[in-house]
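Keeping their order, the protein sequence lines are chains A and B.
All residue numbers for the first sequence refer to our numbering, where the first residue is 1 and numbers rise by one.
All residue numbers for the second sequence refer to our numbering, where the first residue is 1001 and numbers rise by one.
No lab work stands behind these hints: they were computed from the structure.
Among the clues, some could well be false.
35 angstroms max Cα-Cα, derived DSBU-like pairs, lysine-lysine [as the list claims (entries may be wrong)]:
| no. | chain 1 | residue 1 | chain 2 | residue 2 |
| --- | --- | --- | --- | --- |
| 1 | B | K1095 | A | K293 |
| 2 | B | K1128 | B | K1095 |
| 3 | B | K1152 | B | K1128 |
| 4 | B | K1128 | B | K1203 |
| 5 | A | K327 | B | K1173 |
| 6 | B | K1131 | B | K1152 |
| 7 | B | K1152 | B | K1095 |
| 8 | A | K114 | B | K1203 |
| 9 | B | K1203 | B | K1095 |
| 10 | A | K327 | B | K1152 |
| 11 | B | K1131 | B | K1203 |
| 12 | A | K327 | A | K293 |
| 13 | A | K293 | B | K1152 |
| 14 | B | K1173 | B | K1152 |
| 15 | B | K1131 | B | K1095 |
Bear in mind that the values here come from a model prediction, so they are computed numbers and not experimental data.
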Amino acid sequence: MSALAGFRVIELASERIAFAGKLLADMGADVVLVEPPGGDPARHYPPFLGDQPGPDRSLWWWHYHTSKRGVVLDLESDAGRARFRALAADADILLESEPAGRLAELGLDYGDLKQVCNNLIFVSMTPFGRGSASSAAPVTDLTILAGAGPAWSCGYDDHSLPPVRGGGNQGFHTGCHFAVMSALTALLYRLSSGEGQFIDVSMHGASNVTTEAGSYSWLVARQTVQRQTGRHAAAVPTQSTQMRCRDGRWVNTGVPPRSPADFGRILAWLRDLGLEDQFPDAIFLEIGAAMPKPITYDLIGVDAEATAIFSAGREALALIAENVNAKDYFIGFQRRGIAVGVIYSPEEAFEDEHFRARGFQTEVAHEDLGRSFRYPGAPYRLPACPWRISRRAPKLGEHDDEVLGGSKVAGSR
Amino acid sequence: MEEEKGPAPARALAGIRVCDFCGQLAGAGATKWLAAFGAEVIRIEDPVREGRWDILRGIGPYVDERRGLEFGGGYNNHNTEKLGVTINVRTERGKELLTELIRQSDCVTENFAAGVLERWGFGYEQLKAIKPDIIYVSNCGFGHVGPYSAFKTWGPIVQAVSGLTFASGLPDKPPAGWGYSYMDHTGGYYMVMAILLALLHRKRTGEGQWVDLACAEAALTLHGPALLDWTVNNRPTRRAGEPHANRSQSPPMAPHGVYPCAGEDAWVAIACRDDADWARLGAAIGAAWAAAPAYASLEARLANQDSLDEDISGWTASQDKFDIQRRLRDAGVPCSAVQTPQERVDQDPDTEGLWPTVTHTAIGSVRVDGLPVRMSRTPWRVERGAPCLGEHNEEVFGRLLGLSAHEVAQLREEGVI
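Just chain A, with the same shape it has in the complex (with noise of 0.2 angstroms):
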């Protein structure tokens, strides 16, 4: 049985909210979308299928509503609105991001909805939250993740070059978390209390609270962290961890070594790949294998003999990149018990054989297409109740008849 299963959500289609009902729809909810007539505007964004633009051929449609069901409601039309009602009637979880005040006016706010379902679930998902003065102000990804603080985080050691928004939308990925937690929290309460209740989550407030030592380096300590290549943000400069390999491709070198086991094996690594001699600093490396207990922090810089040594060890991770391709530095830093990652593109993790040997690339059908193409896989495992797609992303009213005709929602056509 899936988690979810026998949980009926309502989503009111926008690409804020959309990941939040995949996540919820991949662990068995029936996830009904709910799309104005003419369809959501998210079904004309790219990439298509064979770089063709149509409303079903959207590569991002068909990622983010796996697993759902779709309908077509006019909510500015009276019949329109009743339908929806009837459907939220029998629902138990309803996502929305619509504009401020959009849902007040058309009588399908929390309140008009708890008339009809005393104990739905309603997610409100809004980029300042509820209420806010801000509510009017039009959002993208890009300047949630400006106002929020990760852009203030992510960029180049070169202040000069602007500072960077993580790739892939992340700001709504992280509101769509909170969204999704939020709502299973008041789920689990609901199974005990029999009570649904509001949940008011705001975009801003969820980027805000992501950001590590970004916040809390000025909550604890007044300290603004500063942007540095391929590295945490701090208030006091670090040195680089972000190092190029023999192929041109880039590692990351993560914590620097300080453990006497991690120096030995540095220094055995060097040894084998024949670079010992061009290493004058491996008697550091040797000095540090032999000592009793790890480096701390506190000694470095400060203790000559500890820092000696710690800054070998970072030495000698950036020759062994030179003369090692990306991928053999990562798995031979790892098979040698030191944190190394290679900094893959996405589609080469995908592609990664660890991924595959999980069964993360997932196999959906497009049975109108005649085929089945490769998707992301599952982010957790539930042996008991299974993450699964269950079927491609809806086509526009494709489950009209079936759910808005359905008995459960009979009469109200």
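Fit chain B to the given chain A structure using the hints.
Coordinates of chain B only, in the frame set by chain A:
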């Protein structure tokens, strides 16, 4: 916002007990959510290493000149509302205490490297033997299954290997990546979802399970359209001119970027979703170039985006970022200043209520990240700071395991807790 009338606010997760080994941010951030909604989260730390497996214990930022184990600002931020106990699982008595705690818990959570809990004798099979319907959620970079399961990770490593670092950058530059552990936060969010889904499943079927969460796999789901462009159209994101993270291709928008303003390191983000937005922006700019045919249509603006960005930068460079934000928002154009931490934390009305002050036994009063949600019936509560090492030993071992204060003191003496 809508306010419920009637009964006093309730705790959504009251009655749920979590035996929690989570640390750093990826794990601790997850159980922070549960604790904020009333779950009893018992954080278990190692007395021998004084809990230093969690590198945030004792490292800055600090509120004042005090240093040491209890004063780490990040640790406090991620562990609010939790109880803290110590157990030395190397000892037989420690294993017994842990077994008894697990027997009384709903969930066991951890984000160690794969296999650690198993080596202690508390793998899923053993957990199940102790409590048949236990929910066990493990969260590590590559998961417990697969060729890289023995590999170690931190947030930046997960981000590197999953494509997130690559996708954050400007053309012909190295990856800019993420200036913080986005996937520690986000891996924690997926851990919350996994725990809640497993609790829902157990509530309806009585069945527990082990959830194997691989942070890098969760990260890989965050590139959907780009991955489908690869699997469907064979188009890689590693191609000339990409990534160009401050631009937008899906949907295509232009202008769409981060532009310099007056002042040191001052920037403003502007996005035009369509021709109407562009017309409004053009009117606000009021210069001849903004009405030029070269920028008249989306197609033209996309084709001329480099010069468009230069022209817009010329307009923004002499102005205050908040003045631009005000003018363009009033005009209906998506726009936001790139806010500094101080601006968004202390001066932004839209983050009011987001930074609760907690009381930490050693630190005193300090502000932390709150939660960006308001739940009308079951609000979150973040009032108590992170536990000091073993702060709740007496309370937890007394209340749950029936040990007297004297017995707890003796266990401490013997190095068991």
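Checked hints:
1. B:K1095 / A:K293: The hint holds at about 27 angstroms.
2. B:K1128 / B:K1095: Satisfied, since the Cα-Cα distance of roughly 15 angstroms is no more than 35 angstroms.
3. B:K1152 / B:K1128: holds, 26 angstroms
4. B:K1128 / B:K1203: holds, 17 angstroms
5. A:K327 / B:K1173: holds, 20 angstroms
6. B:K1131 / B:K1152: Holds: B:K1131 and B:K1152 sit about 29 angstroms apart, inside 35 angstroms.
7. B:K1152 / B:K1095: holds, 26 angstroms
8. A:K114 / B:K1203: holds, 25 angstroms
9. B:K1203 / B:K1095: holds, 28 angstroms
10. A:K327 / B:K1152: holds, 15 angstroms
11. B:K1131 / B:K1203: holds, 15 angstroms
12. A:K327 / A:K293: holds, 30 angstroms
13. A:K293 / B:K1152: holds, 20 angstroms
14. B:K1173 / B:K1152: holds, 28 angstroms
15. B:K1131 / B:K1095: The hint holds at about 15 angstroms.
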